[in-house]
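The numbers in the sequence shown follow our numbering, run straight up by one, and end at 1711.
Simulated from the structure, these hints should not be mistaken for laboratory data.
A few of these clues could be false.
Here are the simulated distance ranges between beta carbons [unchecked claim]:
#, residue 1, residue 2, range
1, R1634, A1688, 14 to 24 angstroms
2, T1659, T1692, 17 to 27 angstroms
3, E1672, S1539, 47 to 57 angstroms
4, Q1635, S1539, 36 to 46 angstroms
5, G1595, D1631, 18 to 28 angstroms
6, G1507, A1688, 54 to 64 angstroms
7, R1681, A1593, 18 to 28 angstroms
8, P1705, H1519, 17 to 27 angstroms
9, D1631, A1524, 22 to 32 angstroms
10, A1593, Q1622, 13 to 23 angstroms
11, N1606, R1698, 35 to 45 angstroms
12, E1672, D1537, 19 to 29 angstroms
13, R1626, S1686, 17 to 27 angstroms
Glycine is no exception: its CB is placed at the ideal position from the N, C-alpha and C atoms.
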Amino acid sequence: MTEQTVFLCDDDEGVRSSISFLLRQHGLRVATYASGPELLAVLDASTVSPRGIFILDVRMEPLSGLQVHEALIARGLGARMPVLFLSGHGDIPMAVSAMARGAFNFVEKPYANDDLVQLIYSAMELEVQWHGRMARHDALRQLIAGLSRQQVRLMPLVAAGELNKTIAWKMELSVRTVEEHRRKIFDRLHLHSAAELATLLAEARVAGIDIPRDTEAP
């Protein structure tokens, strides 16, 4: 498993040095970057999905922290790794706006070391939760991908507790075919009841997996 890393991006060398020294004293792994393009180039070149959190200064050149955040969101990392902003007093409205876009929190300069470290620990704990959720969603996506199109269309009816003969009528299938599809669905997804299937479908929709809601025949 990739080790959690604090990806620190700030164009102030003094800030980078002081924060990285502080975090390494607490046993945290830190990677520092002097600009947004430098950070993004490293992420794009990596063949391994990163783990950890980002710390971004709000005001940087040539890309601001908010622009870097948008780039992370575009790369799919904004939903996997918490983003913590470092902001000056005048930057607070921008930092709040970034939080509305999914950023974890912001720290106003000058910051207290203990407060910063505590926020980082909290962000890294959240990343562990997010990583576990995404892993579950990926596994669920693979399981559902192993079903036929007809079986996927049939799942909501089974989850709703419909009888086999009712499903057969709605889907224009034989009862025997419905029974076989039901068995394969339960075996493939490692389920034992319609209630379990309903719970799984709810999680699948949260994960963005396309599950038909209609009952029309394919």
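Going through the hints against the structure:
{"no.": "1", "hint": "R1634 <-> A1688: 14 to 24 angstroms", "result": "holds (22 angstroms)"}
{"no.": "2", "hint": "T1659 <-> T1692: 17 to 27 angstroms", "result": "holds (21 angstroms)"}
{"no.": "3", "hint": "E1672 <-> S1539: 47 to 57 angstroms", "result": "holds (48 angstroms)"}
{"no.": "4", "hint": "Q1635 <-> S1539: 36 to 46 angstroms", "result": "violated (23 angstroms)"}
{"no.": "5", "hint": "G1595 <-> D1631: 18 to 28 angstroms", "result": "holds (20 angstroms)"}
{"no.": "6", "hint": "G1507 <-> A1688: 54 to 64 angstroms", "result": "holds (58 angstroms)"}
{"no.": "7", "hint": "R1681 <-> A1593: 18 to 28 angstroms", "result": "violated (40 angstroms)"}
{"no.": "8", "hint": "P1705 <-> H1519: 17 to 27 angstroms", "result": "violated (49 angstroms)"}
{"no.": "9", "hint": "D1631 <-> A1524: 22 to 32 angstroms", "result": "holds (25 angstroms)"}
{"no.": "10", "hint": "A1593 <-> Q1622: 13 to 23 angstroms", "result": "holds (21 angstroms)"}
{"no.": "11", "hint": "N1606 <-> R1698: 35 to 45 angstroms", "result": "holds (43 angstroms)"}
{"no.": "12", "hint": "E1672 <-> D1537: 19 to 29 angstroms", "result": "violated (50 angstroms)"}
{"no.": "13", "hint": "R1626 <-> S1686: 17 to 27 angstroms", "result": "holds (23 angstroms)"}
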